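Asks: Listed below, chain by chain, are the residues.
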Amino acid sequence: MKLLRLVNLSIKRKLMLITMLTSIAALVLFSASFLLYDLISFRHSLSADLATQAEIIGYNSAAAMTFKDEAAATVTLTALKAKEDITAAALYGPDGKIFASYVRANNKSSLPSNPPPIDGIHFKKGYLEVFHAVSLDGEPVGTLFVQSDMSQWSSRAKRYATLLVIFMLISGLLALAIASKLQGLISRPILRLEDTMRMVSVKRNYEVRALKFYDDEIGKLIDGFNAMLAEIQQRDTALQSANVELRSRTQELESEISQRKQAQEELLNAKRIAEDASRAKSAFLANMSHELRTPLNAIIGYSEMIEEEIQDTGHFQNVQDVKKIQSAGRHLLALINDVLDLSKIEAGKMGLHLESFDLAQMIQELASAFQPTIAKNFNTLELDLSGDLGLMRADVTKVRQILFNLLSNACKFTNHGAISMRIARTEMNHRQWIEFGVRDTGIGISEEQQGKLFNEFAQADVSIARKYGGTGLGLAISHRFAKLMGGNISVDSDLGKGSVFTLLLPAEVNAEPSEPVKPTVHENVAVLESKPQADTILVIDDDPAVRDLMSRFLTKSGFHVVAAADGEQGLKLAKRLRPRVITLDVVMPGIDGWGVLRRLKADSELAGIPVIMVTIVDNAVAALNLGASSYLVKPVDRDVLTDLIQRHRGNHISANSQDVPVSVSVSSEEEPSCT
Amino acid sequence: VPTILLVEDNEMNRDMLTRRLERKGYQVIAAHDGGQGHELAHAQSPDLILMDISLPVMNGWELTRRLKSDEATKHIPIIALTAHALATDRARAFEIGCDEYDTKPVDFARLQGKIESLLAEKKTS
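So the protein sequences, as listed, match chains A and B. Everything in the first sequence is counted per the working numbering, starting at 7 for the first residue and increasing by one. Everything in the second sequence is counted per the working numbering, starting at 110 for the first residue and increasing by one.
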């Protein structure tokens, strides 16, 4: 622990401590050896001194010894009193007995009783003792004993020690002063470096630099530190500028987001307002059409009646005038109908009634109905139905209306010219399309006018409306009808040379994606056209559970289901709804299933509707002989029934002429799509 | 001679339709509002009813519903005549119990066809 504390001392203190410890150790060692040497040599000189003294005393007292003059010997010995360090002296006779002696007053040690046989000097119990043989003229006369205490030596030692301590203190202080002065050489740069580092780390100030003092290792350390600091400062500056940019970008983004949110809200608001306005417009148009139709009803009705009456009475000259009233009334009616159509399209209420029809036959009928209009402006109509057009599945009324519009326009704007209609089946993007081209040699349309041709009320020219009449809505409606069926109308025209309108429609029009179908079961009342895009299936069965069940799963399969509880109601609904397929129970109260089937097949209008007999009585042969298309035995397998209906659905149109019974086992035929 | 009850509030249309129907040989009785239509349907028991929809007192929907839920009158075929040419009106007409539906202004030949077929249907059943 103590060592640890030392280790953790500041570098300044450590340096001083090291210096002090080193110098003190050197001083102590030096002083101790010096003191030891001095004391030893002093001791030698002391004993030599004492030996010399003993020789002198021995010489002086030899005579007294020889003559046994005790007093003289004692006087000689007592002279030693002057010598402070002599504590005792004695003269022994040759017999070894004490002849004379001197003992200092405060001496406590006793004289040795017998002298040793030989001379010598030795230290004994803090005293220096000398035995010296006394002789006279070569004749031994006795032995001298001199004892000296070490007071001289010890006082010298004390003096020396004191001097040494003082010397050590002085040199220690000097070393301290020097060390404290010189440690700065090392500690100051380090301490300054440390200060700088603290400043950098605490204040994050990367601009300061550590001060370099000398070009030693610490100097190099400081250089390295400063270089590191410069690098950090550079990175910090870069980081800060990046941060500033990031913050400003973030702010920009935030403001942009809030702007967008606001814009979105405004858009939503605008959309809501627009939708409200659109609804209001539709309602207004519906009301207006009602208000306009009522007086129009009277105008047309009366003029027709007057025409009949005039013809009855033979006043033929007025017939033309009445016909003009009628035609004006009909024109007004066409306008109202067009406006209503357009408002229905815009309100999204225009549904599609999809059915399969013979395209060539429809075109032929249309062309023959158009013959008087063609002839009016002395035009000719040429039909080009290339190849086998086959069946088309679309809303036939709308297709007819589009073609009617295109042909009407061609007739209206062409005089003494040729109008041709070309219809062909093509394939594009893996889909079958029908292309209708209506070409005329009339006045043509300028490029500028072509651009707005399909907008509402945008007849190519205001003057045209005056000269040729028309609502200006025909092309707009046609265009939207085409879009509704997934097709398009385009125009290509040269001013003065004529125009070509091209209508492109899918050969199999898909109904718009319908919302999830809810089962709609009606016990006694049928609902018409609530789901015009779905095929209507009429379920005739007296068991409400069966009606409910069949309605549910057929609705789920995408059909519009109408249910009848007995044969009478079933026949009525069949007549009114012209369903795509009828499922018919056999055992029913009132007219049974066989009776219903017979009456359905007897009615020329209903005979074409495929009938699937669904019953517990297994009599397939009778059913098929009576004209049923298929026969199923209860309990009905849902998938089999759906499959069967899917297959019969497509046969509706041609069913009139060839009602081919389809047995349940046939399953590999391609199914027409019903989405 | 088949009797036709015409329920129509517009005077001109009532007059015009009455005269045209009479010219075609029908006997026509006319009512100018829903209440009178209801009375005449019960009192005269006509063979067919031509029903305008927007009528005072009781509108055509309501009158049709009443006549079709009444044992005495439910057998009389009703043709709804409406100026609302929206598909929803057509659906509603059948939903409420009308046997046929046509829009105004009337295409007289088409209307006569519908009258004839309903009268024929009634005769057979």
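Among the hints, erroneous ones may be present.
[As the list claims (entries may be wrong)] Distance condition first, Cα-Cα at most 20 angstroms in a straight line; then the derived SDA-like pairs of lysine to any residue:
(1) B:Lys133 with A:Met311
(2) A:Lys581 with B:Asn119
(3) B:Lys183 with A:Arg162
(4) A:Lys578 with B:Ser163
(5) B:Lys177 with B:Arg219
(6) A:Lys578 with B:Leu220
(7) B:Lys223 with A:Ile597
(8) B:Lys183 with A:Glu352
(9) A:Lys89 with A:Arg162
(10) B:Lys231 with A:Ala608
(11) B:Lys231 with A:Met311
(12) A:Lys578 with B:Tyr210
(13) B:Lys232 with A:Ile597
(14) A:Lys578 with B:Phe217
(15) B:Lys223 with A:Ala236
(16) A:Lys218 with A:Ile192
(17) A:Lys130 with A:Arg110
(18) A:Lys578 with B:Glu204
(19) A:Lys581 with B:Lys231
(20) A:Lys209 with A:Gln240
If you're looking for bench data, these hints aren't it; they were derived computationally from the structure. Please read all numbers here as calculations on a predicted model, not as lab measurements.
Asks: Okay, which hints does this one fail, numbers in order?
Replies: 2, 3, 4, 5, 7, 8, 11, 14, 15
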